[in-house]
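Those protein sequence lines, which keep their order, are chains A and B.
All residue numbers for the first sequence refer to this note's numbering, where the first residue is 1 and numbers rise by one.
All residue numbers for the second sequence refer to this note's numbering, where the first residue is 1001 and numbers rise by one.
Do not rely on the hints blindly, as some may be mistaken.
Under 8 Å between C-beta atoms, here's a sample of chain B residues computed to sit facing chain A [claimed, not checked]:
1. L1258
2. Q1262
3. T1324
In case anyone wonders, no lab produced these hints; they're calculated from the structure.
In this text, a Cβ means the ideal position worked out from N, Cα and C, and glycines have one as well.
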Amino acid sequence: MRILLVEDTHDVGEAISRRFQQTGHTVDWETDGVAASEILSFTEYDLVILDVMLPGVDGFSILRKLRQSGSGVPVLVLTARSEVDDRVSALDLGADDYLVKPFDFRELEARARVLLRRRSGGEPTNVIICGDISLDRANRNVMVGKREIQLKRREIVLLEILASRPGKVFSKDELLDQLFGFEEAAGENAIELYIGRLRKKLEGARARIVTLRGSGYQLVSDDAA
Amino acid sequence: MFSRLMRRVGVVLALGAGTLITAAWIYARAAADDAYDRLLLGAAFQMSESLSVADGNLRFVLPPSAFEILGLANDDRIFYRVIDPSGATLTGYADLAAKADLSASRAAPIFGDDAYLGAPVRTVTVSHAMSMPEGPGWAYVVVAQTVEARHALASELTARATMLVALMSLFAVAGTALAVRYSLRPVDDLAAALRQRDPQDLTPLTVAVPDELSPFVTSINYFIIRLDERIKLLQRYIADSAHQIRTPLTALSAQVSLIDEQRLAPEDRRHLKRVQSRTIELTGFTNQLLNHAMVIHRFDSVQLVPVSLNDVARMAFRNAVPITVDPDMIVSFEPADEDLMAMGDMLSLREAIVNVIDNALRHGATARLEVRVRQRENFGRIEVIDDGPGIKEADWPNIISRFYSRSPDARGSSGLGFAIASEVATVLRGQLGFRERSENEPFCVYLELPLVRGQP
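Bound conformation, chain A alone (with noise of 0.2 Å):
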């Protein structure tokens, strides 16, 4: 993936670059506002990690402008301000996200995965229920009832599986090929865990995760019974 990084402190900007070009992307430094703004104009990005005080233009300026042109390119905006106003005119103007410095340089890596993510999904808005469980997969966010329950990813996508065909029982081959992929080497073991960290998770919903000893898991919704 390519990644612009607007970013004028020039040791966070060399370690956030570093970061994730050990992780495959592709990583585009700017330090300067204008130029950030110029490259935007000529060239598509799938993450774009934005500092709000820069020199020449600010952060926000920028994302204005990206905004107005008509790009939904996924922004992180990084700040440095105490100004919670900040954060909420970032999140008005368009910025998908924002992280306030100093962060946590994980929690910075997981988020940029979530809005790459976002963007290479682009299935169309739609949600999935089974019992009391509803799985929005547009906003990826998971409901029991009307209670929002934190999910990771993989755990959203095997729900995501198990639900798109409640009593279906899949097997634990097929989870491991839909979850992980061919690239991932993971074994049944991996299944098991996410399998039980999800029924964990889902306590107390109308519908349950069955064990079919030797053949695979199934979504039991309780209102069918």
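For chain A, the structure is supplied; the task is to place chain B on it using the hints.
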């Protein structure tokens, strides 16, 4: 101010009225005396005119008209005495004005006040030259009249004057009251304008006042402007210092994160771990410190608006729970059925809730964290429930005070989280509360805020 002014005006008016009434009384007495003295004198003259000498003797015939004149005063009694030149009483009451010096009346009639038969009387003595056989001599006529009529007249005159003065005083008091009230109204308006002002409103006053009051308003406005500038300066200072502190701190943690642990000697790796954990600690502390300063000073200038507790709690929930949280942790959010509205400031309130959730994540929750919005009578509650050991009741007052750490090794905790939440709650007329862990219920920290009636 009004009552003080009225009191002073009242004292002046009372003194004036007293003086006027006294003057009127003196004048009335003089006028009554003057009027009745003339009658008395007329009667005395008539009587002295009717003295004649016949056969060498002094004769006196009482002229009826003399008494008719005096009869004008109905209730008064009249006494008289006629004295012949030898000094003997010719007729009348011999003991009337017995001690008076009769000869003094030769020049002019003499008036005097006396008492006769137990009643106060007014006397007049007139003299009349007589040609007696033994030579010229002086005869005298003394007439006395009780003083009831003249007193009655004096009283009546005084009473009328008093009534007039009282009426005038009344008018003066009413007029003054109206004038004072009217003149003081701009002061009341000014006070009302200041009283009804939103505490966060630091714009200059725009109340129309008379010229006399405008220096006062100018001073108030000058003060407001100075206060406003000071607060803005403070907020800018906080924002700037936040930037100045956060940027190098981010750079520091960035550089630390770049160190390749694998290539370090075990001893160095241990030092790196120390640096990393201290950096995280410093990061958390800085964030809380700056947020605390920001949140607290925010209330100096921010106007409170109705805030949806569901929205603010959801936002705080998404903010506070990092994506990198332990995957085995069950984290959930449950909004209230109704949209509960409370007066507040979105950002400060969110910061408060974030701090409570953050605290639960760092120190409380082991496998479960729940954030719920509930209604409890007239209050809206944002509950943060975790399955951790909770906080002992004895510690509750301590942890909401600043810079208090529960354990000496509470890493990454500056002890400001609950302080921020509690201060925000207090400003919003709510409170930060705790519910102790029990058999059935896990530990809960909640923010309770009064709900707004007539929700928009």
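So which of the earlier hints does this model not fit? Number 2 only.
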